[in-house]
Structure formats: structure tokens, C-alpha cells
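*Asks:* Each chain, letter by letter, is given below.
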Amino acid sequence: MATDIRTTASTTGGTTTRTPASAPTSTPAGTPTRSPADSAPLSSTTRDGLGASPRRPDGTLKVTGAFAYSSDMWLEDMLWGTTLRSPHPHARIRGIDTTAALRLPGVYAVLTHEDVPGEKRYGLEFTDQPVLAYDKVRYKGEAVAIIAADHPETGRRAAERIVVDYEVLPPVSDVTAAAFDADSPLVHEAGSLPVHEEYNQSGNVVRHQPIRTGAFAEGADIEELRARADVVVSGEYEVGMQDQAFLGPESGMAVPAEDGGVDLYIATQWLHVDQRQIAPCLGLPADKVRLTLAGVGGAFGAREDLSMQIHACMLALRTGKPVKFVYNREESFYGHVHRHPAKMAYEHGAMSDGTLVYATAQVVLDGGAYASATPAVVGVASSLGLGPYEIPNARMDAYGVYTTNPPCGAMRGFGAVQACFGYESQMDRLAEELGMHPVDLRVKNAMSQGSHIITGQEIDSPLPMAEMLLRAKDTAQPVARRDLADPADVRTLPGGTANTSHGEGVVRGVGYGVGLKNLCYSEGFDDYSTARVRLEVIGGEPSVLVHTAAAEVGQGLVTVKGQIAREELGVERVTIHPSDTRVGSSGSSSASRQSYMTGGAVQRACQAVRSQVFALARARSLVAAGRPDGDLALVGGKVVSELDGALAELGDLLGDEAVEATEEFHHRPTEPLDPTRGQGDSHTQFGMCVHRAVVDVDVELGLVKVVEMTAVQDVGRILHPQQLIGQIEGATTQGIGLALMEEIQVKDSVIRNPSFTDYLIPTILDTPPMRIDVLERPDPAAPYGLRGAGEPATLSSTPAVVAAIRDATGRALTHAPVRPEDIVGIVVPD
Amino acid sequence: MDFLSPSTWEEALAVKSAHPDAVPIMGGTDVMVELNFDKHRPPALIDLTRVPELTRWAPEGDGVLMGAGLSYTRIIGELAGHAPALAQASRSVASPQIRNRGSVGGNLGGASPSGEAHPPLLATDAVIELASVRGTRRVPAREFYLGLRHTARAEDELIAAVLLPRPAGPQYFAKIGTRNAMVIAVASFAIALDAATRTVGTGVGSCAPTPIRAVEAEEFIAGELDWDGGSPLAPGAVTRFGELVASVARPIDDVRGSADYRKHALSVMARRTLAWAVTDHRKGIEQCA
Chain A
1 MATDIRTTAS TTGGTTTRTP ASAPTSTPAG TPTRSPADSA PLSSTTRDGL
51 GASPRRPDGT LKVTGAFAYS SDMWLEDMLW GTTLRSPHPH ARIRGIDTTA
101 ALRLPGVYAV LTHEDVPGEK RYGLEFTDQP VLAYDKVRYK GEAVAIIAAD
151 HPETGRRAAE RIVVDYEVLP PVSDVTAAAF DADSPLVHEA GSLPVHEEYN
201 QSGNVVRHQP IRTGAFAEGA DIEELRARAD VVVSGEYEVG MQDQAFLGPE
251 SGMAVPAEDG GVDLYIATQW LHVDQRQIAP CLGLPADKVR LTLAGVGGAF
301 GAREDLSMQI HACMLALRTG KPVKFVYNRE ESFYGHVHRH PAKMAYEHGA
351 MSDGTLVYAT AQVVLDGGAY ASATPAVVGV ASSLGLGPYE IPNARMDAYG
401 VYTTNPPCGA MRGFGAVQAC FGYESQMDRL AEELGMHPVD LRVKNAMSQG
451 SHIITGQEID SPLPMAEMLL RAKDTAQPVA RRDLADPADV RTLPGGTANT
501 SHGEGVVRGV GYGVGLKNLC YSEGFDDYST ARVRLEVIGG EPSVLVHTAA
551 AEVGQGLVTV KGQIAREELG VERVTIHPSD TRVGSSGSSS ASRQSYMTGG
601 AVQRACQAVR SQVFALARAR SLVAAGRPDG DLALVGGKVV SELDGALAEL
651 GDLLGDEAVE ATEEFHHRPT EPLDPTRGQG DSHTQFGMCV HRAVVDVDVE
701 LGLVKVVEMT AVQDVGRILH PQQLIGQIEG ATTQGIGLAL MEEIQVKDSV
751 IRNPSFTDYL IPTILDTPPM RIDVLERPDP AAPYGLRGAG EPATLSSTPA
801 VVAAIRDATG RALTHAPVRP EDIVGIVVPD
Chain B
1 MDFLSPSTWE EALAVKSAHP DAVPIMGGTD VMVELNFDKH RPPALIDLTR
51 VPELTRWAPE GDGVLMGAGL SYTRIIGELA GHAPALAQAS RSVASPQIRN
101 RGSVGGNLGG ASPSGEAHPP LLATDAVIEL ASVRGTRRVP AREFYLGLRH
151 TARAEDELIA AVLLPRPAGP QYFAKIGTRN AMVIAVASFA IALDAATRTV
201 GTGVGSCAPT PIRAVEAEEF IAGELDWDGG SPLAPGAVTR FGELVASVAR
251 PIDDVRGSAD YRKHALSVMA RRTLAWAVTD HRKGIEQCA
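Here the protein sequences line up with chains A and B, keeping their order.
Using full-length UniProt numbering, you'd call the opening residue of the first sequence number 1 and step up by one each time.
Using full-length UniProt numbering, you'd call the opening residue of the second sequence number 1 and step up by one each time.
Hints are computed from structural coordinates only; laboratory data are not their basis.
Note that the structure is a prediction, hence the values are computed from the model and not measured.
One thing to keep in mind: the hints can contain errors.
What the hints assert, rightly or not - Computed spacing ranges between beta-carbons, pair by pair: (1) Pro43(B) to Gly283(A): 42 to 48 Å; (2) Met32(B) to Asp489(A): 50 to 56 Å; (3) Asp260(B) to Arg471(A): 30 to 36 Å; (4) Arg156(A) to Ser95(B): 25 to 31 Å; (5) Arg677(A) to Arg250(B): 54 to 60 Å; (6) Asp183(A) to Asp21(B): 51 to 57 Å.
Stated by the list, open to error - Residues from chain B that keep clear of chain A, each with C-beta distances beyond 10 Å, as calculated: (7) Asp2; (8) Ser7; (9) Thr8; (10) Ala18; (11) Val139; (12) Thr197; (13) Ala234; (14) Val248; (15) Asp253; (16) Arg256; (17) Asp260; (18) Ala265; (19) Val268; (20) Ala275; (21) Cys288.
Glycine is no exception: its CB is placed at the ideal position from the N, C-alpha and C atoms.
Please put together the full structure from these sequences, using the hints given.
*Replies:* Here it is in C-alpha cells:
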């Protein structure tokens, strides 16, 4: 690497020399990495292969505070970037005067939309978002000008001196009016947006996806279907705007290069999609915009969109100096997209034995000012919006809508999380109406392998849904409150140490939830990942270097890549190269896809390396004639034959030669949904989790303590047991947050709680003990039979918790998160 | 910005007198948040962490004189017997890290209506010691809170200490938050029974521009209590107490909760804490008998 960047370790204040990316990570040989409890039967004889739980290479650094996150990067001559943001959700820009800011000593550059060298807009799918606002601002917090200064405080003072002449416009805040009122003002002027015929765009609607099956496909109206059902339940539900709440705010550093290009060190989820959006805006070819992954402090979808990437590059290229941005927490709430809030209306009809006859749903997703991932969110919310149930007649309409609210996009489980709260709430209402146990109703209508979802796509791999539901139901109940050692211990009670109850008003409830999630990218996108694997002998020991562009965002791919290399190449010493754009794209660290996609690419690259090694052995006449590759293996640093035993030491065979292969892995093709009936095999793979929640509710105060969560998830094949548990615990907890407290409150398009003081996420006292039951039913289409595991538990956790609160209180509870007011029956003012 | 670091109390008072608009900083759990979010740009900070008196406590008369900079962690560990309601309130403050640094002086200086320390100080009739180069004076907590973030402290004064009267009966504190730890009060309540004077003290937080007392409720329930005999309170009296406490609240709707919920929650907390206190009181009488 040309640039030597120093990072400051925040805990010590001292400086160390380190690359800005998480330093090349290796698993030191000889480190005990597994406790006996972790050991699972292994197919591999190589230590720390698949199924083991080797320690994360960055784990110790992270828990000791020594890990260099993107915000820790430092260069002696760097400048600090500052962003001037719109104070209004909707306003016309009549002029921007930067003169006073430029006069401030210590200010090196002040740039506006006029200074954007290339394309003025970018976007993940729709190119609709200005690099810097021009003509109009469409949400409060939109970037209007950027400053490079010698100190962040200088930058802030300069921002105060920029005069922007705004003509304030009324906000377009009400998503329903924005979507369906013909006279609603348009957030984007007619003709200014890219055209996607297949998305049924109109007015403020970014995408409308209808789905019609059975009688609905033949034009039947709802009354005909109601007449066929013994019982009909309908309900309206809302999911609030959830924040990803990653702990490391947006940050990165752009360093100008001698070739006129720029090197960007950045915390992101997909280096190449950033590069693809940044380069045109800078007016540079892609090879002049080189990205290296910096230490990522969590993502959850919030780093799929660009934040300060183009801004830092523009300022670095303008000033000729490195420029670093670090958003603060409040700014971060304006700096990334959030989970789409949803307004949903459902109706289900069933026979008296519980068999579903039909279901209808309208799901309206507030996409805010720019499209971001909205079209894909609509694609998921529609195709999976009625859940994993056999429904012969389905009518679904999902809408993604522009408003002047904060932009919404990707967040763990997107589209499916919102809909799951709707359809699972409906299943509970139906069970109650029928006098059935909620699990029995779900089992009665459960999908399984061979079922078709409402898009007509067949589920062609195992889906043991009924079994999973029954396993959750049959799990032993947690200890009753009266049997606790101290039933009045406030730490076990709703309200906790705030001491609101010593048992008064506390009622226990139990609820269930199940969700179906698509894994990997969908709707015809030719998704792939690239891996470069190099095998060579270093210091007499065979060593593997794995190089991909995949973003390690905390999920543990960095560990899994090493496990796969060990598994495939029989070599213990594996080094993971920092992720950068010097190798082909790995796609996004999203959609639970990296173990599948980059895992698949590493597997393929390892297999190619292995074939080359075998060819080398054959060239040296070490392999008996007639022995196929299938008889050969790499085990313990040797080429071995099942029939002939050890043939060669890798050290002897390779000498000074390195064997290297770069391979792409593509998943099987998918199809777009047709725009009128929503039919098509749009998804790559399906994942499922079932939750049982047990809660104690203080019914007088409306406070909740989650007592226990049980999760049953099928992951196809366990790669790393410890990290898998971490994913399920984390997803479950994020779902508890959405059930109980996590909501960005927006009024008149303005965020009212942009801080961790008032945007609450669960603490450890809100996080219950969990029983996690993992099934391994392999998916034959996937590498190692695995299923992406990061998202499914995010879906089912929320409705299970809310169902448990309903069980305790008898309240309808149609809004997630449930507020204390909802439990005690006080109307929450707008 | 100047950073002033007096090492003695006298020096601190002189510095504050010379720079009345300088902001004192102790644990920084409130001040630094304001600075980091650019809410304030004070001309100077006065670092009080080197002044030893502020983190000491000692008996005074029947009670305890607690330095204004004593951390919540130490209040929980050292003063639970001397000031039960304040210790319970301290236990509900934020996280262990914040409790290690935050102190009652900061609560009093910022005077946010949601500060956990205020209701116990009101309920127990604590007294706040203010000091300046002009001298030292003592102001009852019940006269300290004048308006939204406005107190009896003069510009040149520092908050020196708090006199915590000896408990003469059970005390309780309860606080509503929408998660089970590390949360700002949506509403809070403290109660203190004083068997010696046969009075009841209350304090209400997050339900008005300042921390307040529910005086009518105090007088009502003091008259209803069987101080000597220990017979139980009539259920109607408990309900009435809750209503009277809620009636003093002038809460607002905000992101943390609605006004109606705050009033409702206050009445529930008032009833429950009263019941706990009366139960303790009756147990005390039984033990004496």
C-alpha cells in the first residue's frame, strides 16, 4: 500500500502504525480456538475448518478497544470534512453564498452542487439522489454544502457562515396522501426520474407491485371470497421507522493520488457498488477510484447507500490533501436510510377448521425523499407479504412511496419484517376467532417443501415449518414468577431497577411468530462474488491467502472465509487479505448472502487451486496413472490419495511457486415479478425462524420485561456455531427492539428523537435468556447446503413479543413498537 | 474556550466569581453531551474534579452532609441507609459508567425536570448548600427550583453540598422509562414518611417545568395514616392519594411519553410507593411492639 496511515487507538490516546483497514488478519497457529462445548462432528480433519468455532481474528482487538474503526484513521496533513445540511424537509434553494465561510482562516474548500465534477445524482438502483442538493431539498438533513477545514470546529463555524436562501415548501409527510391523492404535491418533479416501466410508477409511487392468485387472478371480487369463508378477520397495522443503530457512525478518509485519482478508506457494505456510484460523480474512470474497507462499526443495511463517500473524494481532489469525515450521532440519524415505516391492511378468510380460503393485503411503505432500496423492499414485502402459509386465493398490493420524510432503505430483513408483523398479527386474531391455539392454526396452514408462495415460486428445498412450530411450542416454559428465588427482585420485573413494581400488576403472556425470508438477491439480478486464493509456502509452512472485496461488518465472514480455505485446502495457516477493489466484486454484505456467495466463491477458488496442485503433482509424476482427481485430497499440508496414502508434502511440491486462482460464484438465476399479477421465481433461497416469546407485562403501567425467547431456525448447515448463535441472538434482540421501543418519531417530516437518549435500543436488562434450537436441513442448491442465517430471526421476533403482550393484556396492539400508552389504553397523540 | 482547573475550594469560588458565565464540570455526563452536540459554547469550563471536599460526605447533626460531587455509585454503596430514596434514585440513573462519574451536583446545576435526584431531595426536605466568595448559604430543596432549568443558585455561586436529613420513616423512589435500564425518566416519584413529625413528603419528576411536590396529597395522607396503631390505610385513601399526586402534574406530550400517560403513571407509582412505605411502617410498629 502506497499510503501509510496512522490510526489512534481511542482507549489509550497513543498512536500506532496500522493500515486503515482492519489490518491483514490471520488466525495465529497454536492458539486454542475451541472450547470442548463448541466441538461438533467435523467432516474435515483440518483444525478450525467448517463446523468449528475458531476465534475471530479481530475479536481480541475489538473487546480490548484496540481495533481501528473507520473513525480512528489519522494522517498528519489531513483535513476534516463538515457537511451543511438542510434545516427544512422541503424547500426550494434560491441561492447559496459561501463567501463568508471561505474567508474563515483554516477553511480550505467549500463546495456545493456546482462543484460536483461529474454526474449530479447517484443512487443504488434509481439515480435520483443529488450529491449535493440543487433546486430543492427533499428531507431535513439533506447535504447542501461540504467544507474541508483544519479542525472539525473550524468546519462547523464555517458551515454557520454559509447563507442558503430557501423558499420553504409544505412537507409531503402523509404517506397515504402522497401515494393515493391525485392532487398531492410531487416530491420529484414529473419527468425528472428514471423510468422503470416494470415498477408501475405514478405520481409519488416509486413502485407498486400487485400480486393476484387463484380466484383473484380470474377477477373475482372480495365479496365472492368472503362468502366462501366461515370466518373473516381484518385488521390495520403499523410498523414504525426503525433505525439500524450501528455503533460506529459514518466515517472514512479520502486520499488524493498522484495519478489524479483517489484512494478511499471507508466503512461500507459493498465496495464495488460504492465505486460504481462515486466514479461517475467525480468524472473519473472506475480504476481511478480505489476503495479499501476500513474498520466497520456495524451496518445492518445502513451502509448500503452512500453517505460521505463522494463528499470526501471531492474535497480531497479539490484540496490535494487527505480528508476525513466522521458524523456525530445526531448527524448519523440524517446520514443513513432507515427501515421503511409501513401502514398495512390485511384480511383473512378461513373455514371453521382453520383452513385458509383467501387473504388480501395492502402494504404502503414510506420510502422518504429518495428511492434507495425501496423497489427491492416492495419486491420482498409483496412476494412474502402473506407469509409462509398455503393460501389458494391471494390479493396483495405493495407500494413504495416518495415523501419528504427521512429516506428509507435497507435494514435487516427489509420488507419481510414489516409484513411479518401484519400477517402474524392476523394469524393470532384468526386463531382467537376460531378458538384454536395459535400454533395449531399455523401448523394447519404451514408451507413445506413443494409449496408455492403467492408468486407461484416453488419452495424446492426443505422447509420444516410445522416441525419448527411444534418444537417451539413444546419447549419447556421458563420458571414461573412465583418460583423465582426472589419474585420481587426488580431486575426480573418490568421497569427493572427503576423500581416501579414489586410484582403489582404483572401478568405473564406467551406469543408465537414465524417468518419467511428470501436470502441472497432477488428479481433477476445476476448476483455474484469473486474470490482470489493463493497457496504458497512461507517459512516452510504451506499458507493460504484469501482475497475478496467482501465487507466484514461484524457478521464474521472474515472467520468463515478462513474456515472454508482450511476445509478445502487442508492448510491450517490462512491469512485474510484486507478487502479492497483490487479484486472483483463480492457483492453486498446484505440479504444474509455472504456465506452463500463469497463462501461459494472462496470454495470455488480453493477448488481451482487444488486442481492446479493436483496437476503439479501429476506433472511431477507423483500420482499413479489412472487415479482421478476425485481420489486425491489436500490434508494436513499433504497431497494424499485415498488408495495410495500421502503422495507429497506441499512444501516440497510447491517450492517457491505460488498457486493462485480467482473465481466468480453466481447463484442460480432468478426472475423479475411480472407487473400485473406478480408471478415469477424471484427468489434464490428461503430462510425461516420460529419464535416463542414469554413476557411479563405490568398491565397498569404498560411496561414489559421479556422473560425468555425461544428461536427455532433452519440454517441448512452450521459453519461456525458460535457466530451463528450470535446472529440469532442479535436478530432476535433487534426484533425485540422493534416490538418494544425502537422508533424514529417523525412529525411533519422532522425527526424528533435523533439521539440514543431518545431513540432507545435494548440494553442487556431488556435482553432475555434465549433458547436457540438450530436445524440443519441442507439446501442442495447452496454451497455446503447452507442457508443465510443473519435475517430470519429479525422477522419473527417482533410479532412473537407483541403476541405475548396481547396474551397478557387482551389489547389489540396494532402498532410496533408497542408503547406503554397502548398497553394501558391511552391514545397516543400524533 | 478556557479550561480552568482550581485545586482548592477557595480557588474554585474565586474562579467562579471572576468568570460567572463559566460552566462547572465534574463528571461531565451532562455538560459534555451539551458541548459535543454543540448546544452550548460556554466561554470557559471550571474543572472541579480536583477539589477534594466535593467528593466527601460526613455526618452533620442527625443527617449527612454530602459533597455535591459524590458519584451516584458511591451514594448507592455508602449512603443507602442514610438516604434510601436518593440511593434508589441513584440506582436508576443511566449505566454503571455514568453512575461512576455523574453526581447530584450535576443534577442540581442542570436542573432538568427529569433529574433522578430531585424527587428524593424534595420528599426528604433536603437542603442545598451554595457558596461563593460572598459566603455560604443553605436553601431547602423545596425552595431551590424556580423555573424551567432555573434555580435559586446565583451566577457566581457553586453548589457545594447537600444536607440529607436522617430518615425518620420509610422512603421510596420509582421512575418510569420505556426500557428497563439506562433511560431518562418519563415520570418519577419519591415518597418519604416522617414518623417523628407525622408528615409525608413527596417529589415528582418529569411532570412539570420543574421538579415539584404534591403538597395537598402529602397533607391528605398524613392525616389518613394511623401513625401509632399501624392499621392499614383504607383503599379509598390510597386511590385518593394517587389522584392528588397526579393532579399537581402539568406534563407535556413529548417523544418520551404523552401527558395523559404521565399523569396515569404518576398516580400508579404514588399508590404503589405509598403502599410499600406503609407496609414498612406497620412492620416497624409490629417489631417495636
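*Asks:* Are the hints correct? Go through all of them and say.
*Replies:* Hints and how they fare:
1. Pro43(B) to Gly283(A): 42 to 48 Å: 46 Å, holds
2. Met32(B) to Asp489(A): 50 to 56 Å: Since the Cβ atoms of Met32(B) and Asp489(A) sit about 33 Å apart, the hinted range of 50 to 56 Å is violated.
3. Asp260(B) to Arg471(A): 30 to 36 Å: 43 Å, violated
4. Arg156(A) to Ser95(B): 25 to 31 Å: 28 Å, holds
5. Arg677(A) to Arg250(B): 54 to 60 Å: Hint holds: Cβ distance 57 Å, inside 54 to 60 Å.
6. Asp183(A) to Asp21(B): 51 to 57 Å: 53 Å, holds
7. Asp2: 15 Å, holds
8. Ser7: About 23 Å separates Ser7(B) from the closest Cβ of chain A, which puts it past 10 Å; holds.
9. Thr8: 28 Å, holds
10. Ala18: 25 Å, holds
11. Val139: 28 Å, holds
12. Thr197: Non-interface label on Thr197(B) holds, nearest chain A Cβ at 25 Å vs cutoff 10 Å.
13. Ala234: 18 Å, holds
14. Val248: 19 Å, holds
15. Asp253: With a cut-off of 10 Å, Asp253(B) comes too close to chain A, as the shortest Cβ separation is near 5 Å.
16. Arg256: The assertion about Arg256(B) is violated, with a minimum of 7 Å to chain A.
17. Asp260: 5 Å, violated
18. Ala265: The claim breaks: Ala265(B) does not keep its Cβ more than 10 Å from every Cβ of chain A (closest is about 6 Å).
19. Val268: The claim breaks: Val268(B) does not keep its Cβ more than 10 Å from every Cβ of chain A (closest is about 5 Å).
20. Ala275: 8 Å, violated
21. Cys288: 24 Å, holds
The structure fails to meet hints 2, 3, 15, 16, 17, 18, 19, 20 from the earlier list, while all remaining hints are met.
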